[in-house]
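For chain A, the structure is supplied; the task is to place chains H and L on it using the hints.
Chain by chain, the residues run as shown.
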Amino acid sequence: MTPLTQNILVFAFIGIFILIVTLFVRSPRWARPLSRFSRSYSGWIALTIVVIYLVIATSNLILTPWAQADGRPMSLLDLAFKNVPKETSYSAPFTKIDFKNRKLLSVHILGTDALGKDVLQQTMKGASTALLIGTLTSLIYIPIGVILGISAGYYKRYLDDIVQYLYSTVASIPGILLLVAIMIVLGKGIPQISFALGITGWIGLCRLLRGETLRQTERQYCEAARALGERDSSIIFRHILPNVMHLVMINFVLGFSGIILAEAILSYIGVGVPIGTASWGAMIDAARMELSREPKVWWNILSATGALFILVLSLNLLGDALRKAFDPKAP
Amino acid sequence: MIPIILGVMVITFVLFYMLQKPETMARHILGPKASPQAVENWIKLRGYDKPVFINTQTGHHWYDSQFCTYIVSLATFNLGVSDTTGQPVIDRFKEGAIPSLTITVPAFFLGLALALSISLFFVYVRETSIDFAGTIFAVALMSIPVMVYVIFGQWLLAVHFKYFPAYGFSLDGAGIVRFLALPVMILIFGGLGSDIRMYRAIFLEEIRNDYVRTAYAKGLSSGAVLLCHVLKNGMINIITLTVSALPMLILGSLVLETFFGIPGLGNMALDAIHTSDFAVIRATTYIGTLLYLFGLLLTDLCYAWVDPRIKLQ
Amino acid sequence: MSSSPLLSVKNLSIRFETDEGNVDAVKNVSFDLQAGETLAIVGESGSGKSVTSLALTRLLPEPPAKYVSGTILLKDQDVLTMAPSNLRKIRGGEIAYIFQEPSTSLNPVFTIRNQIAEAIRLHRPEVKDIDAEVISTLNAVGIVNPEQRLHDYPHQLSGGMQQRVMIAMALSCHPQILVADEPTTALDVTIQAQIMEELRQLRQKFGTAIILITHNFGIVKGFADRVAVMYRGQIVEHGPTEQILQSPQHPYTKALIACIPKMGTKQRRLLTIDHDEIDKALAG
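Residue numbers (the numbering used here), protein chains in the order written: chain A, 1 to 331; chain H, 1001 to 1313; chain L, 2001 to 2284.
Because the hints were derived from the structure by calculation, they are not lab data. Here the structure is a predicted model, which is why all the values come from computation and not from measurement. One thing to keep in mind: the hints can contain errors.
No farther apart than 20 Å at their CA atoms in a straight line, the calculated lysine to aspartate or glutamate pairs in the EDC-like style are these [what the hints assert, rightly or not]:
hint, chain 1, residue 1, chain 2, residue 2
1, L, LYS2075, L, GLU2062
2, A, LYS329, H, ASP1210
3, L, LYS2066, H, GLU1127
4, H, LYS1232, H, GLU1205
5, A, LYS188, H, ASP1271
6, L, LYS2010, L, GLU2237
7, L, LYS2027, L, GLU2242
8, A, LYS188, H, ASP1210
9, A, LYS329, L, GLU2197
10, A, LYS324, H, GLU1023
11, A, LYS324, L, ASP2019
12, A, LYS329, H, GLU1023
13, A, LYS324, H, GLU1205
14, A, LYS329, L, ASP2279
15, H, LYS1232, L, ASP2152
Restraint ranges, calculated between C-beta atoms of paired labels, are given here [said to hold, decoys possible]:
hint, chain 1, residue 1, chain 2, residue 2, range
16, H, PHE1121, A, LEU139, 39 to 45 Å
17, H, LYS1232, A, LEU23, 43 to 49 Å
18, H, TYR1163, L, PRO2084, 38 to 44 Å
19, H, PHE1121, L, LYS2010, 36 to 42 Å
20, A, PHE11, H, VAL1159, 46 to 52 Å
21, A, ARG219, H, HIS1060, 56 to 62 Å
22, A, TRP44, L, ASN2022, 44 to 50 Å
23, A, LEU23, H, GLY1223, 36 to 42 Å
Sample of chain H residues facing chain A (criterion: CB under 8 Å; computed from the structure) [stated by the list, open to error]:
hint, residue
24, PRO1003
25, ALA1075
26, ALA1140
27, ILE1144
28, VAL1146
29, SER1170
30, LEU1270
31, THR1275
32, ILE1281
33, LEU1297
34, LEU1298
35, THR1299
36, LEU1301
Each residue gets a CB set at the ideal place from its N, CA and C atoms; glycine is no exception.
Bound-form chain A, shown alone:
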């Protein structure tokens, strides 16, 4: 992929995403829940944090015409860190001594890692990896979950039987083992992780939508629409889909946090991202030995854990705030 096509793809994707969000935010169906959401402090704080992460992550996906030392094009994030020098080994935050060569360095806010890379930059790149995987995974599991869930709930009978069989079969394999098995067969890599998480992650959404669609089809408006001779496709797209879309959104937000945690665990186990890709899980893995070094190298694990913790916490709180906004009686 040339830098130009990558940039075009990234911008096109952001554009489509913003368009979809605007469409939903402005739909009258969502007006009341969203005004309820706008009164939730935790929701706003969480949303702000998530947007900051999104901006940082995107900045590492947009490429510039300048080249790095190894010839690959610099991303906007790399450009921002252009003047931060690379060290030869660990250095603690705000200190100026290199452990190995005992020479003076410039200051790194979060220190440097074993290879002398700036930890702040690595953490930000980790955000980019996590959000890329989260996005790709969502692009796989949400369509599967929505299509299977709604068609099972709407058409019922044998289609429902098949879908139920499919998800009970996949759900009966312990999740982490299935993920690991897929990753071992497919090999490490960002697309591979997204695929593995995507084809195992649709079950919850599918089950939820199947139940909700069943409930909707029993409502009177659905029967009325059918009595008026509306076609199935039009009932699904004009009546059912808009009525379950908020569930998809809440599932997307909460699922995103699950994907990020799963990516970190897979990378930690050693079947996640390939070596050389910045990932919070890999950073935590590296820190296993670092805590027993003398002096202790604590900044690496702390940065990765902190970054991951804040993002996952924000996503969870955002999802909770949205759920409360759409269902005020929810506990």
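Just chains H and L now, kept in the frame of chain A:
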């Protein structure tokens, strides 16, 4: 139940036999320097050269194919030998189950009791600032990946404060407590956040029911209403969530066991992952599924036990 | 009129405070109840009658409910300012409830013996043989072979039987006031009559005062001594049953009474209540 087991067999077969070239597997195990002859022998020995689904060659039975052999061997619990050590997989399962159980069973019951009491407390003080802070705390607990609990717990309590040994395993008397306290504690903490959140939601859903109002109208205190009436009704929902944890009880924790040097099944599985031991991973996945399905059966039994509205047929 | 009524509600106002805004569910409601008397509070759903009845022992969840003003005096003690421990003695002990849905109001996972015994143990610790007491209460509400019913779960009983168990539970502690909140609405018509007859007999036997909450003037007739009609959170008319049935003053009361289906008359359709018309009449 049977169709699901068959489905799982098909999924794992596709995963391990069809998406994976036998040559790659052989190279993984034998090393890149192995002779082509050795690779061929390795493949032949394990039957990877047979037709995939149906054997159409003359002089062979139609069922002499990889798929049929695979199904038959799984159904008869013939799990084969480890690709790396040659040890029968079933033996390793027998060895590893006990160490895993000694950690997961106490962690499961203590964790359940702890999560139940904390969530009941949050429900007792519902819609106060304590409840609000508690909910955020629970979400925070579940936003930390399990390996951070492991790494940080070991470093803080074993390395820094030296309360517990950092590493090792023993099954005799005092050793159990000495070595197991820390891993058990960490395992409890790792699951506490999501459990509290889920149970709290279940109990809050439950207190909206009419029978709770009746209990209050009788003159019971809030504590008595929660502990007698809401707890027992809530348990019906909670059982579904907890019994499906059965596979993880026996299979142990992938991340935790290696870290503390516990010779359990989680440790075995992680070893297999690192050495690409497909036979062991295959067997672990299959046994995990069987345990899960067994857990489902157990759930139904527990339902009938707790909920008088359900009678066993 | 005796000097001091058993229960006296004065200027009670209740507001529900939610994120969506406030709702004044009960506005300035006052009424008295003498010992052994039966008061019917009549109104349609949402008129505030159930809220009023639950407020008598502060059973409304707070928040969102808030007692804005007023007093509820039970034997000259204010329920609204009472300590929680005293409040719990009153609930069930002095004022007992029967709710609308017996099937959901009984706890599904406990036997009916357990649920009745729980109330007895709480309010009558002097009772030694609890099983015998439960059986005699079940007998009193017309359950045949109560010994065999003791270890049944609520789902094993019919709706009418479940409501009898609810009544038994309420009466097991000999309360002075029984609040029956739509006791027959969820039941079949034939069972309704049986339950009302049961309440009538029990009232005579125990001398309990009853507050009957209903939307149905049909069951008020011949059962209640006095009627209070509630409309949009307020008591709009209050007086002896006969007087109100014969010469209702308020347009809403008239509309409610007109809704009673009459036997033997040629009625083309069931009447409905036109709120706009009532509001117009009220304004004019």
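Hints versus structure:
no.: 1; hint: L:LYS2075 / L:GLU2062; in the structure: violated (24 Å)
no.: 2; hint: A:LYS329 / H:ASP1210; in the structure: holds (16 Å)
no.: 3; hint: L:LYS2066 / H:GLU1127; in the structure: holds (15 Å)
no.: 4; hint: H:LYS1232 / H:GLU1205; in the structure: holds (13 Å)
no.: 5; hint: A:LYS188 / H:ASP1271; in the structure: holds (17 Å)
no.: 6; hint: L:LYS2010 / L:GLU2237; in the structure: holds (16 Å)
no.: 7; hint: L:LYS2027 / L:GLU2242; in the structure: violated (26 Å)
no.: 8; hint: A:LYS188 / H:ASP1210; in the structure: violated (53 Å)
no.: 9; hint: A:LYS329 / L:GLU2197; in the structure: violated (39 Å)
no.: 10; hint: A:LYS324 / H:GLU1023; in the structure: violated (54 Å)
no.: 11; hint: A:LYS324 / L:ASP2019; in the structure: holds (12 Å)
no.: 12; hint: A:LYS329 / H:GLU1023; in the structure: violated (58 Å)
no.: 13; hint: A:LYS324 / H:GLU1205; in the structure: holds (14 Å)
no.: 14; hint: A:LYS329 / L:ASP2279; in the structure: violated (32 Å)
no.: 15; hint: H:LYS1232 / L:ASP2152; in the structure: holds (17 Å)
no.: 16; hint: H:PHE1121 / A:LEU139: 39 to 45 Å; in the structure: holds (41 Å)
no.: 17; hint: H:LYS1232 / A:LEU23: 43 to 49 Å; in the structure: holds (46 Å)
no.: 18; hint: H:TYR1163 / L:PRO2084: 38 to 44 Å; in the structure: holds (43 Å)
no.: 19; hint: H:PHE1121 / L:LYS2010: 36 to 42 Å; in the structure: holds (38 Å)
no.: 20; hint: A:PHE11 / H:VAL1159: 46 to 52 Å; in the structure: holds (48 Å)
no.: 21; hint: A:ARG219 / H:HIS1060: 56 to 62 Å; in the structure: holds (58 Å)
no.: 22; hint: A:TRP44 / L:ASN2022: 44 to 50 Å; in the structure: violated (24 Å)
no.: 23; hint: A:LEU23 / H:GLY1223: 36 to 42 Å; in the structure: violated (49 Å)
no.: 24; hint: PRO1003; in the structure: holds (7 Å)
no.: 25; hint: ALA1075; in the structure: violated (16 Å)
no.: 26; hint: ALA1140; in the structure: holds (6 Å)
no.: 27; hint: ILE1144; in the structure: holds (6 Å)
no.: 28; hint: VAL1146; in the structure: holds (7 Å)
no.: 29; hint: SER1170; in the structure: violated (22 Å)
no.: 30; hint: LEU1270; in the structure: holds (7 Å)
no.: 31; hint: THR1275; in the structure: violated (11 Å)
no.: 32; hint: ILE1281; in the structure: holds (6 Å)
no.: 33; hint: LEU1297; in the structure: violated (12 Å)
no.: 34; hint: LEU1298; in the structure: violated (14 Å)
no.: 35; hint: THR1299; in the structure: violated (13 Å)
no.: 36; hint: LEU1301; in the structure: violated (18 Å)
Hints 1, 7, 8, 9, 10, 12, 14, 22, 23, 25, 29, 31, 33, 34, 35, 36 from the list above are not met by this structure, while the remaining hints are.
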